[in-house]
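Number of protein chains: 2
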Amino acid sequence: MLDKAASSYPIDKTNRVKRRHDRGFYDHATVHALLDAAALCHVSYVVDGQPYCTPTLFWREESRLYWHGSSASRMLRNQSEGEPACLTVTHLDSLVLARCGFNHSADYRSVMAFGRARLVEDPHEKERALVMMVDRFFPGRTAGLRQSSKQEIKATAVVVMDIERASAKIRAKGVADDDDDYALPVYAERLPVSTVIGAPEPCPRLLADVARPTTLSGYRGGRLLEEALAEAYAAAYG
Amino acid sequence: MLDKAASSYPIDKTNRVKRRHDRGFYDHATVHALLDAAALCHVSYVVDGQPYCTPTLFWREESRLYWHGSSASRMLRNQSEGEPACLTVTHLDSLVLARCGFNHSADYRSVMAFGRARLVEDPHEKERALVMMVDRFFPGRTAGLRQSSKQEIKATAVVVMDIERASAKIRAKGVADDDDDYALPVYAERLPVSTVIGAPEPCPRLLADVARPTTLSGYRGGRLLEEALAEAYAAAYG
Numbered sequence: 003m004l005d006k007a008a009s010s011y012p013i014d015k016t017n018r019v020k021r022r023h024d025r026g027f028y029d030h031a032t033v034h035a036l037l038d039a040a041a042l043c044h045v046s047y048v049v050d051g052q053p054y055c056t057p058t059l060f061w062r063e064e065s066r067l068y069w070h071g072s073s074a075s076r077m078l079r080n081q082s083e084g085e086p087a088c089l090t091v092t093h094l095d096s097l098v099l100a101r102c103g104f105n106h107s108a109d110y111r112s113v114m115a116f117g118r119a120r121l122v123e124d125p126h127e128k129e130r131a132l133v134m135m136v137d138r139f140f141p142g143r144t145a146g147l148r149q150s151s152k153q154e155i156k157a158t159a160v161v162v163m164d165i166e167r168a169s170a171k172i173r174a175k176g177v178a179d180d181d182d183d184y185a186l187p188v189y190a191e192r193l194p195v196s197t198v199i200g201a202p203e204p205c206p207r208l209l210a211d212v213a214r215p216t217t218l219s220g221y222r223g224g225r226l227l228e229e230a231l232a233e234a235y236a237a238a239y240g
Numbered sequence: 003m004l005d006k007a008a009s010s011y012p013i014d015k016t017n018r019v020k021r022r023h024d025r026g027f028y029d030h031a032t033v034h035a036l037l038d039a040a041a042l043c044h045v046s047y048v049v050d051g052q053p054y055c056t057p058t059l060f061w062r063e064e065s066r067l068y069w070h071g072s073s074a075s076r077m078l079r080n081q082s083e084g085e086p087a088c089l090t091v092t093h094l095d096s097l098v099l100a101r102c103g104f105n106h107s108a109d110y111r112s113v114m115a116f117g118r119a120r121l122v123e124d125p126h127e128k129e130r131a132l133v134m135m136v137d138r139f140f141p142g143r144t145a146g147l148r149q150s151s152k153q154e155i156k157a158t159a160v161v162v163m164d165i166e167r168a169s170a171k172i173r174a175k176g177v178a179d180d181d182d183d184y185a186l187p188v189y190a191e192r193l194p195v196s197t198v199i200g201a202p203e204p205c206p207r208l209l210a211d212v213a214r215p216t217t218l219s220g221y222r223g224g225r226l227l228e229e230a231l232a233e234a235y236a237a238a239y240g
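Top to bottom, those sequences are chains P and Z.
Per the working numbering, the first sequence starts with residue 3, numbered consecutively.
Per the working numbering, the second sequence starts with residue 3, numbered consecutively.
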């Protein structure tokens, strides 16, 4: 029997959603879908007791997360066990204007993933990661690029983290006032927010006969970025 | 003489932009403008050696940052000196497709701010913070709302952090390939990304004679969220 727990991340005090626990999800399907619809994450590390919150591009492969990690490479070198880290993705969906201050809020979908981050040092794992760092976003693209030089490969630090704990937190209800407050003559609204793609800007130095590959057609002006990213993810890993 | 250092954050090993240091800025004008154009940040704390990266709404008041801190309140209670934290804001402006894997990148504008986070416990500071938590985004709005109850005030944790160190990091150059690579028949582009406001959704339960206040007119469908936020900030604090 395949029970729900088998396709969920384990829960402990690290990742249990404490405040507004009704908004918490731990199943792979929810967590992974939110991760795969994003390019940007924020990663927290600790260096000498000081936390750092670093924005970076990332991607998922099964229950592993990969990201570009130059800023962390000095800390992670020779840490074969890895260093505790938390990678967070947030999709902001709205600002919510309520009838009292307390109920002002935002709609959002976020994931916090916990594990130990380490540098990818195995040459084969690194080679594969450098391909997927491009192809996860633009499937098949690496095959048509100028090949990476040894210096470039050496200069690129890739960090990997097996997800040990994760939680998703979702608020998606717009205005939610106290019952009595709906009788008040106060204006309230949900102000939707989304992240969209603009018109692609071809490099001005393109050679004359080089056209935009049809594999990029999902990235079109006006589309939600998260839709294009989820579609590319499915094409790259599906 | 008012020199540049007087209006910049001090630099040390915590906040110095090490990788791509040409992208680093420390002056108040650059750092504050990027903060004031955002609603969402990610905050890193350490609890028992485990870093947490938590998304939350925030705002700035001079060189102080405030945010909603229920998730951190247990850790911060009775920590009058505060706990080390890092608050980061990132505006993602594009994905960049280059002619080799190494030069794939993104345009972005980010700020990392370092300091010690503590709970706002003084009743007057907290009262003022709860007003600005709404009015910073929607100037003057609190005056027209149902007043906060004592229970609501008690239930809202506000965290404050004096910015001790900060840096901004900006990449804004689109495709930037190696000189030799421009001769290759490879398609390259800058794919712009922006976060925009959708059509406002009035609460379905509004009383019949309640109109949208003109003070909200900056938040209109199709506008860049960062523009509306910067404008509201200037109206609230200008």
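Just so you know, the hints here were simulated from the structure itself, not pulled from any lab data.
Because the structure is a prediction, the values reported are computed rather than measured.
Incorrect hints may have been included.
Chain Z stretches covered by chain P per the calculated footprint, using a threshold of three residues with CB under 8 Å from any CB of chain P [to be verified]:
1) 26-37
2) 47-58
3) 83-91
4) 130-144
5) 148-155
6) 180-189
Every residue gets a Cβ at the ideal spot worked out from N, C-alpha and C, and that includes glycine.
**OP:** Check each numbered hint against the structure and report the violated ones by number, ascending.
**Re:** 1
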